[in-house]
Every structure is written in structure tokens, then in C-alpha cells.
Amino acid sequence: MTDLRKTPLHALHLELGAKMVPFSGYDMPVQYPAGILKEHLHTREKAGLFDVSHMGQAFLKGADPAKALERVTPADVVGLKPGMQRYGLLLNEAGTIKDDFMFTKLEGEADMYLVVNAGTKEGDYEYIAGKLAGAATVTTRFDRALLALQGPRAGAVLEKLSPGIDALTFMHVVRATVAGCPAIVSRSGYTGEDGFEISIEGADGERVARALLGDADVLPIGLGARDSLRLEAGLCLYGHDIDESVNPAEATLMWSVAKRRRAERDFPGAATILDGRPRKKRVGILPIGKAPAREHTPIADKSGRVVGEITSGGFGPSLNAPVAMGYVEAEFAADGTHLDLIVRGKPMPARVAPMPFVPHRYKRT
Amino acid sequence: MSETRYSKDHEWVSVDGGIATVGITQYAAEQLGDVVFVEVPEAGRALNAGGEAAVVESVKAASEVYAPVSGTVTEGNAALADDPAKVNADPEGDAWFFKVKLSSNDEFAKLMTRAQYDEFVKGL
Chain S
1 MTDLRKTPLH
11 ALHLELGAKM
21 VPFSGYDMPV
31 QYPAGILKEH
41 LHTREKAGLF
51 DVSHMGQAFL
61 KGADPAKALE
71 RVTPADVVGL
81 KPGMQRYGLL
91 LNEAGTIKDD
101 FMFTKLEGEA
111 DMYLVVNAGT
121 KEGDYEYIAG
131 KLAGAATVTT
141 RFDRALLALQ
151 GPRAGAVLEK
161 LSPGIDALTF
171 MHVVRATVAG
181 CPAIVSRSGY
191 TGEDGFEISI
201 EGADGERVAR
211 ALLGDADVLP
221 IGLGARDSLR
231 LEAGLCLYGH
241 DIDESVNPAE
251 ATLMWSVAKR
261 RRAERDFPGA
271 ATILDGRPRK
281 KRVGILPIGK
291 APAREHTPIA
301 DKSGRVVGEI
311 TSGGFGPSLN
321 APVAMGYVEA
331 EFAADGTHLD
341 LIVRGKPMPA
351 RVAPMPFVPH
361 RYKRT
Chain C
1 MSETRYSKDH
11 EWVSVDGGIA
21 TVGITQYAAE
31 QLGDVVFVEV
41 PEAGRALNAG
51 GEAAVVESVK
61 AASEVYAPVS
71 GTVTEGNAAL
81 ADDPAKVNAD
91 PEGDAWFFKV
101 KLSSNDEFAK
111 LMTRAQYDEF
121 VKGL
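Top line first, the protein sequences correspond to chains S and C. Note that the numbering used here numbers the first sequence so that position 276 is 276, with each residue one more than the last. Note that the numbering used here numbers the second sequence so that position 117 is 117, with each residue one more than the last.
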């Protein structure tokens, strides 16, 4: 346990009574005394505060960092407007998914701001720096804190600590002052709810977190509820729902492959991704009974032949029912297809269902 | 009079007149967190001590409940399927999992007393 890294909020988690677990090399809160169920429901009803400081923040510097970044992602980076953020896939040379990440252009700034997943951050930035050599350089900022404030009350709560911030709309980003601390604030998140991600200096992490927790509408939320919230929202968890064994077409993430990039065909694995027919596809799966189907549960067709596997599965507190996603052979990927999940050796009926399972409630206007 | 003993897998067993009632301990319920799904064995099923008997799942994880004693199931607690949260509310009372007609008393006698179990949990 001694070699686990700590985020700038570690002492605060212990003070709040969190149950800590190892996650991506960090000692992280999986839940607080309220428990996963209450934390999940509170986030959908009011607002939850998540410590996501373990994620990999960095700045990309260069003459044209946006153009350079397009070497490793099929997203439209060049066309992103200043003051905005976008989701992208980091592709390896074969065109399979090395990671997923967020990239941001700050108003009036040349550098781009990136956030990648915690478990892959060292490898990602080494890879990006290598591929972009000569065009852009990476400055990692793993010392910074990153907080997510999510839920329908997030706007009202943050407005009190950062007047004017509630005017920001989905996927917009600004530099602002939060509880007196300089911050990069984006209107985005990983729960399907309205909310913000707040990047601050590590030394300011606890101060900002305490100010947010001082609001009666805010509860601290652990990784357990973070997982159930994102699963209900149909969002992928890297290393589970997507990894280097799948490409964007198989992962049904082609919406993140920009139209211009499809025409230019200049990203890794473009021919395979654009011209191939995916043999398997990521789909949402709703078990028809009450038993949750966990990761690695085999998926069978009605004749008993295994046609896929669950990659994320559990109980959805807002649906009060089990929810899952996984990969099935392409011919079984249509919504409404009836399949069986092999749970503890027994077939449990399930159907392919559209995601998100809980409607997104982003602040688009 | 019933007597209650405890297993290292955190089940409690209460025996009265040759019938054992089995559930999970308060400690186990706290470790699991919010219970969202329970599957109990049906009457007539033969259980062997140490074998899988029931399933309890929290939001985060699935766990097996092992049979601490051998015997034939006389009843599963059907109420848990409809209201799994009972396991967190009253694990050592209302939220019993199943009852078995004991095939012998030897296994029960080898389980821990409350004092021994409390000591065992302290060491975890």
C-alpha cells in the first residue's frame, strides 16, 4: 500500500470517513459513509463532488498543437473553437483505442489543455510526445488537482463560489476564480448530468473542495457511484469497455471520428476503421430479471452459442434495475435483440437496448 | 432455546430443534455495502458445508454465501428478493437467508461462538 500515490485531497477523504481502495496506482475513495446507493441518487437529485485528480492533465505546446494532435486522434481538433472542449480517441498505429481523452482550447491561449485517463497517463503522454516530436511538446501537470461537481444543482452551487460561471454551457471552458483560487472550469463530466470539471493547483485542491462541500446540496461521491452513474449514462470506461483490442467502429464511437477526418483519411488505421465491417459491436444490454451481470459475463444467443461478453455491468440505482454494456457479434447488435447472459452457469434473459439508459441532462443552452 | 454460532465466511447459524437458520453477519453486510440483489436456495435443495448456497450482490460486487452446515433446505427467505435492502437494515435478524434441516450437529459445534467471532473480526 505504501507505493500507492495520493491525490491532493487524500487527507480530506480520510477525514470524511471514506473507504479507500487502490485504483490506477492511487489510494482513492470508493465510497463515503453515505454509501454508493445514496451517493449515486444524491448526484442525480442535487450535486456530488468527485476527486478526479488522479486523471492525467497536461498542456500541449507548439506552433500548431491542434494540427499536431490530429496525428494521433481522428477527432476534429483543428476545427474546435477557442473556449471549447471535445472528446477524442487516442489511437495507436493500428487504429485501435489506446485511450479516450478530453482536449480543450482555452480562449486567447496557444497551448491546448488535455485530460487523459489515470491508468494510462504516463504511457499516453510518452506516446503523444513521440508521435508529435518536432511539432509539439507535452508538459504534464500530474501535480494539479481536478474536481468534478455533477448534478442538477451544480450550476447554482458553483455560481456562489464563482459568480457568472453558471452562464457557461455544455463543453465550454473558461479560466475563472473558484473560492478565490485560479481554475480552469469546463461544463462537462462523466455522469450524464449537468456539471463542471474544475482544474486547480494541487495546493488549492482542499480549499476548493471544502468550499464546495460547505454547500448543503453537495455530498462527496466515491468511485463506486462514479462507475454506476457513468454506466447508466452509457459512457465507456477505458480498460473495460474500450481498449487496444477494439477500434472506434467496433466500439460504436464513430461519432467521435470527425467528418473532415473521414474525408482526409489521415489518422492511424483509417482504412480499417472506415472501410472495414466491424465483426463485433459495443451495445447497451438490459437484463430482464433482477440479477446484475458483471464484467466478463458471457452473452449467448437463444440457441446457447456464446456471441459476446459483458464489459461493464452492475446495478443502476436510478433505474432500480441491473444495467450493462458489452460486445456482441454484429448481427446481434440491433436494439431489442433478445439474448441470454450466462450468470453463475445459468442463462438469464436480456435484451440489447439503446444508451444512455438514463437520459443525459447537459446544459446545452 | 436456540444457539447461534458464526463462520469464518461471516455467516451466522442459529439452531433450534434440529433446524438451522442462516444469514450473513453485520460485519459482512457492512463490508458489502448497499445490497441490491439476493438469491436464496429453494426448499428441498441439499447443501454441503462449505458449498455455495446463496448469492448476495451490492452495487459494486457479487458475493457467494456458503453453507456453514450441511442439510436440506426447508425454506429460503423470499422476502429478500423483493427487498434486498433488508440485508443492510437487519442482517442478523429479519434478513435471514435460508433454513436447513441439519444432517448432523458436528459441523455446528465446530463453528465460532460470538466471542470467538468478534475476536476473529478484530484481527481482520
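A few of these clues could be false.
Said to hold, decoys possible - Derived lysine-lysine pairs resembling BS3-like cross-links, with alpha carbons at most 30 Å apart:
id	chain 1	residue 1	chain 2	residue 2
1	C	K101	S	K19
2	C	K122	S	K346
3	C	K86	S	K290
4	S	K6	C	K122
5	C	K8	S	K290
6	S	K302	S	K38
7	S	K363	S	K46
8	S	K290	C	K122
If you are wondering where the hints come from, they were derived from the structure by calculation, not from laboratory data.
Against the structure, test the hints numbered earlier, and report the numbers of the ones violated in rising order.
1, 2, 6 and 8
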